[in-house]
Amino acid sequence: MTEIIVVTSGKGGVGKTTTSASVACGLARRGKRVAVIDFDIGLRNLDLIMGCERRVVYDFVNVIQGDCTLKQALIKDKRLETLFVLAASQTRDKDALSMEGVRKVFDELIAEGFEYIICDSPAGIEKGAHLAMYYADRAIVVVNPEVSSVRDSDRILGLLSSKTQRAEKGEEKVKEHLLLTRYSPRRVAAGEMMSVADVKDILGLDVVGVVPESPDVLSASNAGTPVILNDESDVSKAYEDAVARLLGETVPLRFVDEPKKGFLARMFGG
Amino acid sequence: MGLLALFRRSQPTANVAKERLRIIVAQERTARGGPDYMPTLRRELLEVIRKYINVDPDAVQMNLEREDGQEVLEFTVALPERKKV
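As they're listed, the protein sequences go chains A and B.
Following my numbering, the numbering of the first sequence begins with 1 at its first residue and continues without gaps.
Following my numbering, the numbering of the second sequence begins with 1001 at its first residue and continues without gaps.
The hints are simulated quantities; they were obtained by calculation from the structure and are not laboratory data.
Treat the hints with caution; some may be incorrect.
To be verified - Listed below are the simulated BS3-like cross-link pairs for lysine-lysine, each with C-alpha atoms no more than 30 Å apart in a straight line:
hint, chain 1, residue 1, chain 2, residue 2
1, A, 104, A, 200
2, A, 169, A, 76
3, B, 1018, A, 200
4, A, 163, B, 1051
5, A, 32, A, 169
6, B, 1051, A, 173
7, A, 11, A, 237
8, A, 260, B, 1051
9, A, 11, B, 1051
10, A, 175, B, 1018
11, A, 11, A, 260
12, A, 127, A, 237
13, A, 169, A, 237
14, A, 175, A, 237
15, B, 1051, A, 237
What the hints assert, rightly or not - A few chain B residues facing chain A, derived, Cβ under 10 Å:
hint, residue
16, 1029
17, 1074
18, 1076
What the hints assert, rightly or not - Calculated Cβ distances over 12 Å to all of chain A for the following chain B residues:
hint, residue
19, 1019
20, 1025
21, 1056
In this text the structure is predicted, and so the values were computed from the model without any measurement.
No residue lacks a Cβ here, since even glycine has one placed at the ideal position from N, Cα and C.
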């Protein structure tokens, strides 16, 4: 069985690619065969976050147009045996991706025995985003606790329930999960930021993960190492928890409450 | 950073965000599920009402609800307080 998961958000810069990379790594760490695909045609970036940018020879559009085989275009991760990356094309032709082309690539990945296909959606609600979600079984909706991100996610939820294959065929609907990023328990406690419960309430989704705001995310992207692989980091732990929940495990939420500070820390802002 | 900044607390605005989102998301969901004429209908009804009463555009709420195969169009206008003469 292959499960197709789209990582989407509507708004840009909320952490779709970071999430795609970390979820893909997390699943592969558990021995799953995973392909992670960049759907952001023209603005390739997943390769950088995965740290394989210099190994991109062929891309997604090359496979669809028959310039190469899928095997030639899949980049095998150097850290995890069962993880493969398919880079986006840098072409400016937005129509290079087609519904049939994407289906063909998915069918081949399924035949190859991949258990998970992670689709890293571009921002916006245009063709690339539509294709990334079209065949999905599940959707991870990445949201920042901020008004424009929440509103855009709601638009995406509308599209998931009307513009996907499952919706069009009247099949069981796409399973939607909420993943909050850049969460600051301190600011939530101060009433400056919407809480997990607030966002959950507005969007009406189940929470698959809450990732705390952290400098580790930038360090990870600087280094080309998906942040989940930095085991010391709270961000890594939060993504590991999210992966466990995706796999059906029940894991309590961490990093959502403000850590209790001692007297000195409070005085000196430690 | 000035010394004053140490004492100034930033405003607790999370509740405002939540309330604003609750309203706009509900409104957009209605428009999404509903027929295409909804935005025009809302605008034209508002124009008619404003011929007689001076109301704000956001004093008007339109909701389309589906219950047991029936559709109910609900149109709520909050009237401005009457000024005492």
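Next on the checklist: Next pair to validate is residue 1018 of chain B with residue 200 of chain A; report whether the Cα-Cα distance is within 30 Å.
Outcome noted: With Cα atoms ~11 Å apart, residue 1018 of chain B and residue 200 of chain A stay inside 30 Å; holds.
Item to check | Closest C-beta approach of residue 1074 of chain B to chain A relative to 10 Å, hint status | outcome: Since chain A brings no Cβ nearer than about 20 Å to residue 1074 of chain B, farther than 10 Å, the hint is violated.
Item to check | Least C-beta distance between residue 1025 of chain B and chain A, which was stated to exceed 12 Å | outcome: violated, 5 Å
Checklist entry - Given the hint that residue 175 of chain A pairs with residue 237 of chain A, does the C-alpha gap stay at or below 30 Å? => result Roughly 23 Å separates the two Cα atoms, so the pair holds.
Next on the checklist: Please verify whether residue 1051 of chain B and residue 237 of chain A have alpha carbons no more than 30 Å apart.
Outcome noted: violated, 60 Å
Checklist entry - Taking only the CA atoms, is the gap from residue 1051 of chain B to residue 173 of chain A under or equal to 30 Å? => result violated, 45 Å
Checklist entry - With a cut-off of 10 Å, does the beta carbon of residue 1076 of chain B approach a beta carbon of chain A closely enough for the hint to hold? => result violated, 21 Å
Next on the checklist: Tell me if the straight-line CA distance from residue 11 of chain A to residue 260 of chain A falls inside 30 Å.
Outcome noted: violated, 33 Å
Next on the checklist: residue 127 of chain A and residue 237 of chain A were given as a pair; does the straight-line alpha-carbon distance stay at or below 30 Å?
Outcome noted: Violated, at about 34 Å.
Item to check | Restraint satisfaction for residue 1029 of chain B [CB to CB of chain A, less than 10 Å] | outcome: Constraint on residue 1029 of chain B satisfied, holds at 7 Å.
Checklist entry - Do the alpha carbons of residue 32 of chain A and residue 169 of chain A lie within 30 Å of each other, as the hint requires? => result holds, 29 Å
Next on the checklist: For a C-alpha distance cap of 30 Å, please report whether residue 169 of chain A and residue 237 of chain A respect it.
Outcome noted: Roughly 38 Å between the alpha carbons, so the hint for residue 169 of chain A and residue 237 of chain A is violated.
Going through the hint list in order, the structure does not satisfy hints 1, 2, 4, 6, 8, 9, 11, 12, 13, 15, 17, 18, 19 and 20.
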